[in-house]
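Peer 1: Residue-level listing of the chains:
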Amino acid sequence: MPFNWFKLSSPASFYPVAGTLIPWFAWGAAILAAIGLWLGFGVAPTDFQQGEVYRIIFIHVPSAWLSMFLYVVMAFWGVLALGFGTRLSGMMAQAIAPTGALMTFIALWTGALWGRPTWGTYWAWDARMTSELILLFLYLGIIALRQAIGDPRRADRACAVLSIVGVVNIPIIYFSVKWWNTLHQGASVKLTGSSMETTMLAGMLVMSFAFWFYSIAVVLARLRAIVLERERDAAWVGALPDVRGNAGVLR
Amino acid sequence: MNHWHFIIGAYGVTLVVFVVEILAVRARRRDAAHTAAASAAPAGARPASSAEGAR
Numbered sequence: 001m002p003f004n005w006f007k008l009s010s011p012a013s014f015y016p017v018a019g020t021l022i023p024w025f026a027w028g029a030a031i032l033a034a035i036g037l038w039l040g041f042g043v044a045p046t047d048f049q050q051g052e053v054y055r056i057i058f059i060h061v062p063s064a065w066l067s068m069f070l071y072v073v074m075a076f077w078g079v080l081a082l083g084f085g086t087r088l089s090g091m092m093a094q095a096i097a098p099t100g101a102l103m104t105f106i107a108l109w110t111g112a113l114w115g116r117p118t119w120g121t122y123w124a125w126d127a128r129m130t131s132e133l134i135l136l137f138l139y140l141g142i143i144a145l146r147q148a149i150g151d152p153r154r155a156d157r158a159c160a161v162l163s164i165v166g167v168v169n170i171p172i173i174y175f176s177v178k179w180w181n182t183l184h185q186g187a188s189v190k191l192t193g194s195s196m197e198t199t200m201l202a203g204m205l206v207m208s209f210a211f212w213f214y215s216i217a218v219v220l221a222r223l224r225a226i227v228l229e230r231e232r233d234a235a236w237v238g239a240l241p242d243v244r245g246n247a248g249v250l251r
Numbered sequence: 001m002n003h004w005h006f007i008i009g010a011y012g013v014t015l016v017v018f019v020v021e022i023l024a025v026r027a028r029r030r031d032a033a034h035t036a037a038a039s040a041a042p043a044g045a046r047p048a049s050s051a052e053g054a055r
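Protein chains in written order, with this note's numbering: chain A, 1 to 251; chain B, 1 to 55.
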């Protein structure tokens with residue numbers, strides 16, 4: 001009998017699945033990060049122009065990629081929340097926003113610390129940096145909008161609209177280095193190939209997977225908390241072993 | 001031309017951000033489980049601050 005994937009769109013069905021997936025992604029992230037840091041600091045050579053400071057790339061590029069990718073995923077769940085009105089879609093979008101905001105902050109922070117020794121400045125109002133800053137404001141705006149609306153279902157719809165409108169910023173970030181003359185360098189990694197040294201590229205890609213796995217693990221953990229918050233009056237939540245354990249304390 | 005303090009600043013803050021996020025998510029889930037337990041507990045066993053008490 002084929003597996004019914006639509007069954008997973010119910011919070012009650014997805015809650016235990018998320019709980020099973022979290023340790024796999026968390027340990028995967030830890031192992032990949034260890035390998036990526038070993039490649040980045042132990043194997044990859046010193047850059048002939050930038051010296052050691054280029055090693056910030058192993059966290060800057062993954063966090064920048066994740067900041068954009070998570071936004072698109074959040075908007076995707078927003079589309080599902082608007083189109084189908086599924087509760088889990090809104091919860092998923094809610095769970096992604098804080099991690100996306102933190103990835104954007106890390107990209108901006110590490111970029112500033114890379115820019116100072118490389119370009120001589122922490123910040124410039126060039127197209128790539130400014131559009132990435134706008135992405136941070138979009139994430140913060142979506143989080144604030146949700147906090148301002150009491151009804152979770154209305155908050156889901158409002159945040160979905162804002163996140164879908166904000167998607168226009170993602171191609172602007174990605175292509176900004178092509179469309180405008182920016183201080184930020186162009187893409188070193190393309191679908192057609194890379195201009196980077198092999199071990200540098202390998203370290204960066206492994207760290208990207210580590211960040212991706214970390215994001216999945218932490219978003220699923222936050223999703224489980226959100227499910228408990230929003231479904232707390234449902235009978236199935238009261239029957240969960242961890243909730244029953246807490247109820248025992250209250251008796 | 002090594003600038004290790006910039007590298008330490010970048011990696012250090014990233015690590016702190018991840019640790020704070022993990023701790024915040026764990027605390028949120030613990031609170032959510034506790035609140036859900038208060039909703040699930042029999043009326044007499046619920047704390048006075050429960051929304052049920054206002055009914």
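Treat the hints as calculated values from the structure; they're not laboratory data. From the three backbone atoms N, C-alpha and C, an ideal C-beta is built for every residue, glycine too. Where hints are given, some of them may not hold.
Simulated restraints, written as ranges between beta carbons of each label pair [to be verified]: (1) B:31 / A:120: 14 to 24 Å; (2) B:20 / A:51: 27 to 37 Å; (3) A:12 / B:4: 21 to 31 Å; (4) B:4 / A:199: 31 to 41 Å; (5) B:31 / A:180: 11 to 21 Å; (6) A:35 / B:20: 38 to 48 Å; (7) B:4 / A:149: 23 to 33 Å; (8) B:4 / A:236: 23 to 33 Å; (9) A:49 / B:24: 15 to 25 Å; (10) B:4 / A:119: 31 to 41 Å; (11) A:157 / B:24: 48 to 58 Å; (12) B:15 / A:119: 42 to 52 Å.
Now the stretches of chain A that chain B is said to cover, found in silico as 3 or more residues with beta-carbon under 8 Å [unchecked claim]: (13) 58-71; (14) 110-118; (15) 165-176; (16) 193-204.
Peer 1: Now tell me if each hint is right for this structure.
Peer 2: Going through the hints against the structure:
1. B:31 / A:120: 14 to 24 Å: violated, 46 Å
2. B:20 / A:51: 27 to 37 Å: Given a distance of about 30 Å, which is inside 27 to 37 Å, the answer is holds.
3. A:12 / B:4: 21 to 31 Å: The hinted range 21 to 31 Å is violated for residue 12 (chain A) and residue 4 (chain B), with Cβ atoms some 51 Å apart.
4. B:4 / A:199: 31 to 41 Å: violated, 20 Å
5. B:31 / A:180: 11 to 21 Å: violated, 46 Å
6. A:35 / B:20: 38 to 48 Å: Violated: the Cβ-Cβ distance is about 24 Å, outside 38 to 48 Å.
7. B:4 / A:149: 23 to 33 Å: Cβ of residue 4 (chain B) to Cβ of residue 149 (chain A): about 46 Å, so the range 23 to 33 Å is violated.
8. B:4 / A:236: 23 to 33 Å: Cβ of residue 4 (chain B) to Cβ of residue 236 (chain A): about 52 Å, so the range 23 to 33 Å is violated.
9. A:49 / B:24: 15 to 25 Å: At roughly 39 Å between Cβ atoms, residue 24 (chain B) and residue 49 (chain A) fall outside 15 to 25 Å, so the hint is violated.
10. B:4 / A:119: 31 to 41 Å: violated, 18 Å
11. A:157 / B:24: 48 to 58 Å: Given a distance of about 26 Å, which is not inside 48 to 58 Å, the answer is violated.
12. B:15 / A:119: 42 to 52 Å: Check failed, 25 Å falls outside 42 to 52 Å.
13. 58-71: Three-residue rule met by the region 58-71 of chain A, so holds; n is 3.
14. 110-118: holds (count 5)
15. 165-176: As far as the region 165-176 of chain A goes, the hint is violated, because 0 residues have Cβ atoms under 8 Å from chain B.
16. 193-204: violated (count 0)
When held up to the earlier numbered hints, the structure conflicts with 1, 3, 4, 5, 6, 7, 8, 9, 10, 11, 12, 15 and 16 and fits the remainder.
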